[in-house]
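Chains as they are written, first to last, in our numbering: chain A, 95 to 391; chain B, 669 to 937.
Think of the hints as simulated: they come from the structure by calculation, not from any bench.
Check before you lean on any hint, since a few could be wrong.
[Said to hold, decoys possible] Quick list of in silico lysine-lysine cross-link-like pairs, DSS-like style, CA-CA up to 27 Å:
#: 1; chain 1: A; residue 1: K209; chain 2: B; residue 2: K894
#: 2; chain 1: B; residue 1: K867; chain 2: A; residue 2: K212
#: 3; chain 1: B; residue 1: K894; chain 2: B; residue 2: K882
#: 4; chain 1: B; residue 1: K894; chain 2: A; residue 2: K296
[Claimed, not checked] Just a few of them, taken from the derived set where beta-carbon distance is under 8 Å, the chain B residues facing chain A:
#: 5; residue: L815
#: 6; residue: I819
#: 7; residue: L833
#: 8; residue: T880
#: 9; residue: K882
These numbers come from a predicted model, not from an experiment.
For each residue, glycine too, the CB sits at the ideal point set by N, CA and C.
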Amino acid sequence: MGTQTLNNRYTLTQSQKMMVFILSMSLYGLSNMITELVPSAYLGPIEFSIEYFAFIPLTLCILFHPLYAAIGASLGEVIFGEIMLGQFGGFGELEKFIAFSLAMYIAGTFVRDPKNRKQVAAAALLGVIIHQAISATVDILKVWVGVEELEAVPGLAESVVVIEGFSFLNDVLFSGILFALLPTVYLVPRLYGKIEPLLGMKPRDRNDRYSLTEIIGPRLIATGILLAAAAFLFEFLSESGFNVEWEADFLETYGDWFIFVSLGAAFIVALITISVMLSKKRKTQHLKNAKKEEKVS
Amino acid sequence: MEYTRKFTEKLSVEQVKIELLNTAYGNGGTFFAKLDPRTLFLWYAYFGIFPWFIHEVMVLIGMFLFMLVTTYVARISPLIIFILCLGLLGQGGYLLIASLFFGGDWTSILPLLILTLKLSVISLASITVFCSMNPEKLSNGLLKIGLPGQISFSIAYGYRMLPTLLEEYHHVFQSFRLRGKAPEKHGFLYINTIAYFIKLAVLSFYPLLLSTAKRARTTVEALETKGSMYGFNHIEVKKLKLAGLKMKKRDYYFLAGSLVYMISLFLFL
């Protein structure tokens, strides 16, 4: 399985990345299909549902390279949980994809020693909180942007904020503890050292890790903000028809073109983000490949 | 809880597997299955986005009728329609109840109904398109419009592996049930039973994680042997692989027909 580099940085070969990606995709996809099919129970306004089996991507992000595990899990959700069940939602999915990958990636990089249960527990909660916070903020902001015009439908503005707050707390406390915290703390120490050899790689240990400055560098913060903004724009775009209904005055003063401006802005932001990410990835890939070839020769 | 049990009885694992395979491969003979993936993407790009910007109720109803026809022509499986209806009703109803609770009145029904109409047009369009393409076609189409090879591979892989994975998960789950001890009393609102099943559902992933890891390794090794890793992102390989995709007369007729229908909707309503 390729050459494992001996330096402290945790690096993987192309095939190993693909393995982590496939593993994360198929498992999280499967769990997603199960959670989609299990009906949820309502107790008044509180929904007791299995939101997601977040422990699967969390476990994999902690044990393997977080980036590939996170992207694999998000793609698995889209493929198994959406496309295969015929529920693919277009732009709205992109927001989920970005928010979820980001949260899982951060949770994965947070853990430096997979054997340390406290770190694992903190990371599991952190991942769920980041994900839920992004989605709740996006939903609330969406209403706040159009809040003046929302007077036409009394009670909707408050209700959205309260619903989102409720579902945030509910998801963090219910799904977060039951389906992220407990299973992750149970699984990670048990799988550590067992599952890595099956993929032909050595376990992540205390020494080979991402240095802290690398994790909380300006690059991550910048990409985080950019991705959050993109996520918000996409979600706003996918729901803009919803807001337009109550934004008649706004539309009359600014005209229909405003929609297309926001549409265009969203597209441009997304395009820039994607192209920057792609070019960066390509560059690093080239560098890595070059280095590898040097080493081999 | 009673209806939940009835629901789960009807929805056995076998049934789900059959429905999914049916969704993936069962629609080979329909009109949509014979179209080029690019046609379907183009069509979806319109019907998946533009309903958001249309406010005339009559036009939306016209689009909805069109979607009903296409869904019928595409012979979508009832399970998927059922899941869709559940989702739509849940979302609309939830918002309605919430806004009533906070002092809204029945006037909020109309905007919510329009929203639901839009959502159903969009969902039906995506169902028609994505259920009519078999996995091979979908992944080829995505490759053609420029997505990286890994994604199109993942889709094909997902469709191929899902039945196996689902079966394996089911086996592990059942063997846990065989060897474990179910709670003697259901408890208040079946709480004991539910907790027991949830625990099993989570625990069953532990063996599955290990076996899927093995399977992932085998898959990647097979991919390497076939040179797929090289082929994913090289233009010549793509060209060879996608040589079979061609726009035919049927595609142009379909797009033209949809266009004429939409224009007449805007003109006459």
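Evaluation of the provided hints:
1. A/K209 with B/K894: 38 Å, violated
2. B/K867 with A/K212: Holds, at about 22 Å.
3. B/K894 with B/K882: 19 Å, holds
4. B/K894 with A/K296: Roughly 26 Å between the alpha carbons, so the hint for B/K894 and A/K296 holds.
5. L815: With a minimum Cβ separation of about 11 Å from chain A (threshold 8 Å), the hint on B/L815 is violated.
6. I819: With a minimum Cβ separation of about 7 Å from chain A (threshold 8 Å), the hint on B/I819 holds.
7. L833: 5 Å, holds
8. T880: Where the cut-off is 8 Å and the nearest Cβ of chain A is about 5 Å from B/T880, the hint holds.
9. K882: Hint holds; B/K882 Cβ to chain A Cβ min 5 Å, cut 8 Å.
Hint compliance for this structure: hints 1 and 5 are not met, and every other hint is.
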